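Number of protein chains: 2
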Amino acid sequence: MPAPDIHLLSVGTALPGPPVDNATLVRRLKVPAVWEQWIDTFIGTHNRHFAVDLETGAVHTTLTDLGVSASTRALAAAGLDSGDIDFIVLGTASPEMLMPTTVNMIADRLGIDNVPTYQLQSGCTGAIQALDVAQAMLTAGPARTALVIGADSCAKHIDLSLNFESMQPSEQVNGVLFGDGAGAAVLSTRPARNSAVIRQVYLRLVGMNREPGQSIEWYGRADRNSDRPAVSEDYKAIEESVPKMAVEVLHEVLDHLDWDESDVDYLLPPQLSGRMTARIRDALELPRAQEVSCVAETGNTGNALPFLQLERALPRMSAGDRALAIAIESSKWIKAGIALEKV
Amino acid sequence: MPAPDIHLLSVGTALPGPPVDNATLVRRLKVPAVWEQWIDTFIGTHNRHFAVDLETGAVHTTLTDLGVSASTRALAAAGLDSGDIDFIVLGTASPEMLMPTTVNMIADRLGIDNVPTYQLQSGCTGAIQALDVAQAMLTAGPARTALVIGADSCAKHIDLSLNFESMQPSEQVNGVLFGDGAGAAVLSTRPARNSAVIRQVYLRLVGMNREPGQSIEWYGRADRNSDRPAVSEDYKAIEESVPKMAVEVLHEVLDHLDWDESDVDYLLPPQLSGRMTARIRDALELPRAQEVSCVAETGNTGNALPFLQLERALPRMSAGDRALAIAIESSKWIKAGIALEKV
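Chains as they are written, first to last, in numbering that gives the first Met the number 0: chain Y, 0 to 342; chain F, 0 to 342.
Okay, chain Y solo, but in the shape it has when bound:
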C-alpha cells in the first residue's frame, strides 16, 4: 500500500489585542522619537500584537488562550470537532510553564482527551517541525487526523521597567522585532474540498561549528538573579546567513520534487522582519510567484508565522497551484521548507 497523501484541510490563527504601531511602541519603550523612523526604515515592521497590556504590564491573553482560539478556528474551518482529532503537536519557543506543557492545557480547553500530544521546543522553523512530526505520524498510521499548532508570546520577556536606550543593540533589536500570536492547522489522510496536499517537508539542522545567531534564556529559582541577557541576537550574522540559507532550501525542495522555479505559484518567505523578508524574496528570484507575507503587520510571531501566511495563501490557490513556504531558524541555524499543492 503506498503512503497516503497528507492533506492540509484548514488553518486558523489568533492575534492578541489591538495592533501596536511603531509610534506607540517607541513611546512606551521611552526611546527617542527618531526610533519610529528607524524601525520603519531598517526593520520594516509597522505593527505587532502583544499578549501584554503595554500600559499596565498585565498579561491579557495567555499562550493557551491564543492556541485555543487558533485551534477552534482551524477545527471550524475543517468542519471537524474535538472528537475527530487523533493527536496534537504544538511548536513554541515560549511555553507558559515547563510543566504541564501548554499543548496539554490547550487540549483540556478544547475538550480533546485520550490521545497522544507532543510539544516541540522550537523557534522560527517550529511550525514546519510540528507539521513534519504530524506528517510522519499520519503516514505511519493508524492516526488519521492531526491538530498542529504554533504559538509564541513574549509576555515573560517584556520588562517595561528596563531602559531600552542603554541596552546593547543585540538586546534592543528584540524590542521591535517580535509580536505574539498563534496559528493552527488540521491535517488528515482524508481529502476535503479545498484542501492542499503536502508534497514535501524539508528540515535540516546546519549549525555545526557555528555560533548561535539568537539566544533566549529562561531563569530558574536558583539562577534568576543572573546577569545573563534574556534575549540576544547577532543581527549581522542573521542578515548575512538567512538569505543564503533560504536560497538553499528553495533549490533543495525544487530538486527533490522535480519542480522548477516557474512551478512555484505562491512563495511564503521567512518573516524575520519586513525588510529582511523583502531582501530574501529578492534573493530567491522567483519572479512569477506571488509573495504571501504578514510580518509588516504582525511582527515576527515565531512558531505562528507560517500558519499566518498559509491562512492568507490557501483561499487564493486554485486546483493545481503550488506553494512553497520557507523558514529559517537562526538560533542554531536550521533550514526548513514545506511544499503544498492544491488538488
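To be clear, the hints were calculated from the coordinates, so they are not data collected in a lab. Quick caveat, the model's predicted, so the values are computed rather than measured. Heads up, some of the hints might be wrong.
[Stated by the list, open to error] Per the computed footprint, the stretches of chain Y lying under chain F, defined by three or more beta-carbons under 8 Å from a beta-carbon of chain F, are:
id, region
1, 119-127
2, 175-183
3, 193-204
4, 212-219
5, 222-232
6, 302-308
7, 315-325
All C-beta atoms, glycine included, are put in the ideal place defined by N, C-alpha and C.
Given chain Y's structure and the hints, the job is docking chain F onto it.
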C-alpha cells in the same frame, strides 16, 4: 510493502558526579537529621546524582554534557558513528536555554549535522514520547536510523540558599525526589545482533478536567521576581492516581498486542520514587515478570529514566523475551508504555 520493524539497537546513559546519599542530602539541605530516615522509609530513594556541586552550587555537568555522554555510549554500543544518524529526538523538562535548543547543542558536539532534529518539552513520559516520534519517522521513511535522547537536570531549580524546613510539603518533596541524568538509544529499521523490536508505543493524555499533579515554572526577564513557587507537587493525587493509571497501561498494551500477563518477562515500572515504584509493581500483579528498576539509586531522573531501565534490561533478555516499560506523567496526566521483544 508492510511497515518495517523498528529495532532498538543499543542504549547508553550518563549520571553526573558521585552518588549523593540521604545523609549527605539532609546535611546539605540543613534539615533535621530525622529526615534521613523519613526519606529512606517514605520515599525509598537512597542515592541520586546532581549536575551541581552541592558545596559550591556550581554546575559541573551541563544537560548538553549529559546528553553527549549518553549518546556517545549508545552510538558506540551500536557500532555506529555520527554520520549514520538520520535524525535526533530529545525529550527534556529542563532545557538549558529556550533557544538554541539543547538537542542542537548536543548534535554540534557529536558532529551530527544536516539532519532534522526535534526537542520535546516533556516530563516523566518524555522518553516514550521521544521514542514514539522516532518510531513514526522511521516507519514513514526515508530515515532509517535515529538517535533518541532523554535528559534532565535540576540545576536551575536547586537553590541551596533556601530554607527547606520552612517550605510547604508540596515544595519540600522536590528536594528529595529528583536526580540528574541522561539516556540515549539508537533505533533503526535494520536489525542488529542483540537488538529488540519495538512492538508498541502507547501514549495517551488523560488530563481533561483534572488539576495538574505537578507544576514546574520558568521565569523570564519580566517575571523573575514573582512569588510563584518554582516546583510543586500534589503528592497525594500522584500516590492515588499513578498506580491505577499504570494498571490501565498494562491492560491496554496487552490487549492491543494480544499478550497475556504471563508473556511479560521483564517489567520496567514507573520510577517516581523507590516506595511508589514498589506500590505500582504490586498493583500490576505480574508475578512472573522480573522487575527492572533504578530509582532507589538514581532518584527520579525524568526523561532519562526509561533509558536507565532499558540499559539494565536489554543484556538480560534472551531471544523471545518480552519487556514492558510503563511511565506516567503527573503534571497533566499522561499514560505511556513501550513493549519490546528480543528477536
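Tested hints:
1. 119-127: n = 4 at 8 Å, threshold three: holds.
2. 175-183: Check failed, 0 qualifying residues.
3. 193-204: holds (count 3)
4. 212-219: Result for this restraint: holds, n = 7.
5. 222-232: Answer holds; 5 residues pass the 8 Å Cβ test.
6. 302-308: violated (count 0)
7. 315-325: n = 0 at 8 Å, threshold three: violated.
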